[in-house]
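Trainee: These are the residues of each chain, in order.
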Amino acid sequence: MEPLPEDRAEAVFEDYKLPYGDAQAVVEATRCLYCFDAPCIKACPTGIDIPEFIRKIATGNVEGSARTIFSSNILGMSCARVCPVEVLCVGDCVYNHLEVPPIQIGRLQRYATDKAYAAGWRFFEAGPDTGRSVGLIGAGPASLAAAHELRRMGHRVVIYERRDVLGGLNSTGVAPYKMKSDRALDEVAWVLGIGGVEVRTGVRVPEDVSYDALERAHDAVFIGVGLGADRLLALPGADLAGVRGAVAWIEEMKLGPTVAPRRAVVIGGGNTAVDAVRELVGVGVAEVTLAYRGDESRMSGYAHEWDAAKKSGVRALWSATPTAFLPGPGGAVAGVRFTRPDGVVDVPADLVLLAIGQEKLGDRFAALDGITIDGGTIVVSTGGATGRPRWYAGGDCANGGKEVVNAVAEGRDAARAIHLALTGGS
Amino acid sequence: MPDLTSNCAAIVSPNPFWLASAPPTNSGAQIMRAFDAGWGGAVWKTLGQPIQNVSSRFGAIRWKGASGVGFNNIELITDRPLETNFREIAEVKKRFPKNAVIVSLMVETREEWKEIIARSIDAGADGLELNFGCPHGMCERGMGSAVGQEPKVNERITSWAREFSTIPVLVKLTPNVGDIRPHGLAAKRGGAHGVSLINTIKSIIGVDLDRMVPMPRVGGASTNGGYCGAAVRPIALHMVAALAREPGFGIPISGIGGITNWRDAVEFMVLGAANVQVCTEVMLRGYRIVEDMIEGTSSWMRERGFQRLDDFIGSAVPAYTEWGDLDLNYETVAKIDASTCIGCQLCMVACHDGAHQCIHPSPDPAVRVPVVDEAECVGCNLCQIVCPVPGCIDLVPVENGFSPATWNDHVHGGAALRPKKGAH
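Protein sequences appear in the order of chains A and B.
For our numbering, add 21 to where a residue sits in the first sequence, where the first one is 1.
For our numbering, add 2 to where a residue sits in the second sequence, where the first one is 1.
Watch out, some of these pointers could steer you wrong.
[Stated by the list, open to error] Quick list of in silico lysine-lysine cross-link-like pairs, DSSO-like style, CA-CA up to 27 Å:
{"hint": "1", "chain 1": "B", "residue 1": "66", "chain 2": "A", "residue 2": "38"}
{"hint": "2", "chain 1": "A", "residue 1": "199", "chain 2": "A", "residue 2": "423"}
{"hint": "3", "chain 1": "B", "residue 1": "337", "chain 2": "A", "residue 2": "136"}
{"hint": "4", "chain 1": "A", "residue 1": "136", "chain 2": "A", "residue 2": "63"}
{"hint": "5", "chain 1": "A", "residue 1": "332", "chain 2": "A", "residue 2": "136"}
{"hint": "6", "chain 1": "A", "residue 1": "63", "chain 2": "B", "residue 2": "66"}
{"hint": "7", "chain 1": "B", "residue 1": "337", "chain 2": "B", "residue 2": "204"}
It should be emphasised that the hints constitute simulated quantities derived from the structure, not laboratory data.
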């Protein structure tokens, strides 16, 4: 992989949840009740034994703590930063019922996993070669988790990635106040450090490598292609410069320099929209407006994230349906026209980001007999099995678009299912 | 306002809170600051032939973020000149005539005892405390716990002190014995006006695993020290109560050992202590803790309608009895309050792994409140102990139709016992 440029726009962001020092970590870890059959574990898609890893921090066994985390979630370092813990593990901490602040599980997990990276602790090695080979399409969290698990079991692994940058949305899409792209690449290197994973970048499936070729080369194939390009709006003015997909803009901001416009509008009410408005404020946009067709209560973006956006100075325009992008001088956008219950409103903007969803990529695999697609999403059963023998899928392309931690769980579980299928259960 | 005036073996102080003989009572300046803070009395750091101390001297147990839950030391008696100590005792008594100053003493020969007692009285001491308890260093020289562990020596030296003293004599006892009672009785036979207990417990507080040296580390070695702090309180409470209920003992007890707050102090007094002495908590937090001890005790007395300390001193002693006199037919079962349970299930794992396997998951997987199988519950308390929610688990008496019956009733009188629970 090429090193990332130094002048990335994301570099201006600081962590919004600061890392713990040793004393803070021990104090917080000591508060944990060490629940039995703990609700936080059940709330974690990868099922990390959270009370156990926290107890080990409290006893000074940080290496053991990291081992506990990575045993369930090999991407535990990034998940510590990017997981919406407020609605997962932390949200289910029993202290919430006692009206005591819940344990800061994400920050503790970051503490232990950062220590592991800094110290170079490694816990897993590749298993004895089975002679079997698995092809993984995409190099995002699902495929990385699958690749690591498959290597532990001794299978040969080849990852096919169309980009030059590995890591998927962890590298190109995570809000930089949670994790920057260089840290995501640290994780990719750490995961691939198990050795024996062949990575082919700049390769598109099926354009460059056909499905037939994959089936001939591998005993099983895992589809972990995530989601596609931003959905756009076919409205007057859609071709104006400055009307962009939000995911594309975020990727540009994370991987390179960007010019901050004076005024920006983000259209959408989901987590991408909420991330985008906070990021626009962060890179120096003076006026940022989130425009959503519903009202605040209908937003699908997490309430805790939207609260943070509001505190950063983002304005909201509710019940606003865009009808046109307004032209300015030189073919650039100058604003957005919205219809609202009380009439028409024009909001000036030099940048308009559309955060209304992403293309679903399942249809790319519809040509394969046996694979079922539902609304663009690949239909899978337990363990990620598609309806086509030896083909598995996981992550956003199979779950419709969830968290990194869901992709990790699905990739890991698909790897285990593949292992069972290839070895007959040994 | 309840009257906190304390009288322990005719040593009177404005309240029952004394500083124990230890680093907080090393000098007159310290003790005067302590009296300003509100302490009723102070037992002066043990006087004797001034010694030479080591570095370091203290070690502590850190538990769940709190340091000093258990504490130990290898410091010896005073290292300051006797003349300085006696001059300062006189100064303190002059400035604080109403506060009690008790001088702790530790010397070897009869002549030495005679001289140091005379000098203590001349300095204005209100009482003497004979240090028969120190379990490190001094005992190797035939003093401290070496005396406290030998009832005959204890009795003899105590009788010397009585012979030479015109002020009350307390004997400070060591807990490093199998049974405290013969040692308390020996002090009484020697003529002690009262006893104080416990001194520290012989201990090694921990080990430096990097250097492979026990702690506290003195260069490349260490030695056993005296263990104290909150963790020793149960041992001290037992020894105080054992003497308080001993027939034929009947002299005042100054209670010592792991007292950190007013509640701890009151527990000692209801188990028979006339007053209490505090060291470790002051070493960790300062003299200021006495404010809460005074307020808390006063509030508690007011709530309970007690006017003076004698109204409650020893109140719990009659309820301390032999196992054979406990009612075997008294039966309790655990009840979990579902409305306050937070679903941590610590009670369930504790019961399953550490008790009698009678707390189970709810049959409804969506419900995290565990279920008690009352037919199997032996009423052991473990679930209540691990529960983080105050009042969520209660041990509720069960009417089982059996009349009260103790083991002694059963063995000697054939009293009927209820069927055993959980014994299959």
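Trainee: CA of residue 332 of chain A to CA of residue 136 of chain A, is that 27 Å or under?
Mentor: 32 Å, violated
Trainee: Do the alpha carbons of residue 199 of chain A and residue 423 of chain A lie within 27 Å of each other, as the hint requires?
Mentor: This hinted pair holds, its Cα atoms lying about 17 Å apart.
Trainee: Decide if the proposed pair is consistent with the structure: residue 66 of chain B and residue 38 of chain A, CA atoms, cutoff 27 Å inclusive.
Mentor: Holds, at roughly 24 Å.
Trainee: Given the hint that residue 136 of chain A pairs with residue 63 of chain A, does the C-alpha gap stay at or below 27 Å?
Mentor: 25 Å, holds
Trainee: With the threshold set at 27 Å, check whether the alpha-carbon distance from residue 337 of chain B to residue 136 of chain A stays at or below it.
Mentor: 44 Å, violated
Trainee: Between residue 337 of chain B and residue 204 of chain B, is the straight-line Cα distance small enough, at 27 Å or below?
Mentor: 41 Å, violated
Trainee: Verify the proposed pairing of residue 63 of chain A with residue 66 of chain B, using a straight-line Cα cut of 27 Å.
Mentor: Roughly 26 Å between the alpha carbons, so the hint for residue 63 of chain A and residue 66 of chain B holds.
In this structure, the hints that do not hold are numbers 3, 5 and 7, in rising order.
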